[in-house]
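Construct all of the structure, not just a fragment, from the sequences and the given hints.
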Amino acid sequence: MKREKYNNEEHPDGLTKTDLEQSAGVDVEYSAAVADEDDREALERAEAADERQM
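Its first residue numbered 1, the sequence shown is counted upward by one per residue in full-length UniProt numbering.
It is worth saying that the hints were derived from the structure and are not from the lab. Computed from a prediction, not measured in an experiment: that's the story for all the values here. For glycine and all other residues, C-beta sits at the position ideal for the given N, C-alpha and C. Each hint should be verified, as a subset may be incorrect.
[Stated by the list, open to error] With beta-carbon atoms standing in for the labels, derived distance ranges:
1) Met54 - Val34: 30 to 40 Å
2) Lys17 - Glu51: 42 to 52 Å
3) Gln53 - Lys17: 42 to 52 Å
4) Gln53 - Ala32: 27 to 37 Å
Here you go:
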């Protein structure tokens, strides 16, 4: 998915339209917990794949 950046005087920081529409209240702790769970699941899949190749 290609994201067009705003590089004009109104948006000098280069934020995309999507960036500008995002809410300011992101729950960082929840996001970290979700990322940690995703990491654990990926590690389990990688270990299972390693065992199958032995």
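Structure-based check of all given hints:
| no. | hint | in the structure |
| --- | --- | --- |
| 1 | Met54 - Val34: 30 to 40 Å | 31 Å, holds |
| 2 | Lys17 - Glu51: 42 to 52 Å | 46 Å, holds |
| 3 | Gln53 - Lys17: 42 to 52 Å | 45 Å, holds |
| 4 | Gln53 - Ala32: 27 to 37 Å | 32 Å, holds |
The structure meets every hint from the earlier list without exception.
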